[in-house]
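Hints in hand, dock the two standalone chains.
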Amino acid sequence: SAVISQKPSRDICQRGTSLTIQCQVDSQVTMMFWYRQQPGQSLTLIATANQGSEATYESGFVIDKFPISRPNLTFSTLTVSNMSPEDSSIYLCSVAPGTSNYGYTFGSGTRLTVV
Amino acid sequence: SQQGEEDPQALSIQEGENATMNCSYKTSINNLQWYRQNSGRGLVHLILIRSNEREKHSGRLRVTLDTSKKSSSLLITASRAADTASYFCATVSDSNYQLIWGAGTKLIIKP
Numbered sequence: 766s767a768v769i770s771q772k773p774s775r776d777i778c779q780r781g782t783s784l785t786i787q788c789q790v791d792s793q794v795t796m797m798f799w800y801r802q803q804p805g806q807s808l809t810l811i812a813t814a815n816q817g818s819e820a821t822y823e824s825g826f827v828i829d830k831f832p833i834s835r836p837n838l839t840f841s842t843l844t845v846s847n848m849s850p851e852d853s854s855i856y857l858c859s860v861a862p863g864t865s866n867y868g869y870t871f872g873s874g875t876r877l878t879v880v
Numbered sequence: 003s004q005q006g007e008e009d010p011q012a013l014s015i016q017e018g019e020n021a022t023m024n025c026s027y028k029t030s031i032n033n034l035q036w037y038r039q040n041s042g043r044g045l046v047h048l049i050l051i052r053s054n055e056r057e058k059h060s061g062r063l064r065v066t067l068d069t070s071k072k073s074s075s076l077l078i079t080a081s082r083a084a085d086t087a088s089y090f091c092a093t094v095s096d097s098n099y100q101l102i103w104g105a106g107t108k109l110i111i112k113p
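If you're matching them up, the sequences are chains A and B in order.
Residues 766 to 880 (the numbering used here) make up the first sequence, in order.
Residues 3 to 113 (the numbering used here) make up the second sequence, in order.
Honestly, the hints are just simulated from the structure, not real lab data.
For each residue, glycine too, the CB sits at the ideal point set by N, CA and C.
Mixed in with the good hints there might be a few duds.
Examples of chain B residues lying across from chain A (beta carbon under 7 Å, computed) [stated by the list, open to error]:
id: 1; residue: Leu-50
id: 2; residue: Ala-105
id: 3; residue: Gly-106
The shape of chain B in the complex, shown without the other chains (with noise of 0.2 Å):
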């Protein structure tokens, strides 16, 4: 249920600083969702953008989609320490309801 890739692995900025992190998959979908995780917690579900979606916003996150190039992007603007945690992408095929994860991406944010 893995076969995606995210980078960067971990990364860490300063509070107020925006955080960047990418995905990469490989077969082809129906959406892609992000998902936050609080120090092995349950997840939380973010921001789901469909295959036919470029680019959406909800607060302060934006979601890029590329579907030619199999990847896409979030973007944390302005972050808090309260954004420390670690962020999953997960697809969504046509074909069945299954979840297929990245690797995930530990973002620290330094008061």
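Next comes chain A alone, as it looks inside the complex (with noise of 0.2 Å):
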């Protein structure tokens, strides 16, 4: 299964700034997912990244606030952008394996916090 590697592990950020979230796959994978995950919840996914297309955005989620970037197929950013307190959450990349016979790889999180 393909290893992501996902950076920055954790940030502490002010209000109104923006941070860019990366990941990185060891093999080339058409199918990325970017996904939220407030303390204590589950994941919320924000928005599928196909190579050479427009993110698919979920309800609740625009390209204004959370800019990706899918420039070829080994790697995806991330961008929360203009941050509030409220934007405090776990934030997770993930890719959908070749076949539909093995799970997900997730990367290992970004854990941030605005003050």
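Set out below in structure tokens:
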């Protein structure tokens, strides 16, 4: 299965600033997903990022707030823009397996605190 | 992307006991997967069961799937302190690759 390197692992940011989270995959993958996880909660999908096309955002998430880059099949970034304390969360990237018989792989997560 | 329910929400047992977690979902699926998450870190895939399977084993893990009841259970036998984590079920449909998540069970193994 793929291995994902996610950076940064954590950050404390001032409100009004932006943070870009990176995910590097050790193999080419078609579908990448970005999630947000509030403390003690389950995962909420932010968007699906396919190389060569615009990311598809879920209800409640917009491109101006969470712009996503997917320049090639091994890399993606998620930017959290104009941050407020409500954006404090864990952000995770994930990739789908090549076939439906395998599980998904996740990055180690970015713990974001906005002060 | 969240439609499932898991119970219990939290489970605390003694080391060596068995832990059972349940998951329910709402729509038809291609497969159901279980993941473990330690202390808000990334999720680790544990086991996948396809819609035409009823039971699957992997080491100390046993997963069952009842598609008529739209439910699954994860059994961890002979629990260890290292099993302390949050456990999530997730389903994949035939129509797209999005994971639909359960609410999760927080498992604490007391030494």
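Okay, the hints, checked on the actual structure:
A cut of 7 Å between beta carbons decides the hint on Leu-50(B): the least distance to chain A is about 5 Å, and the hint holds. Against a cut-off of 7 Å between C-beta atoms, the interface hint on Ala-105(B) holds, since the closest Cβ of chain A lies about 5 Å away. Interface restraint check: Gly-106(B) against chain A, minimum CB-CB distance 5 Å, threshold 7 Å, status holds.
Violation of the numbered hints given earlier is absent; every hint is satisfied by the structure.
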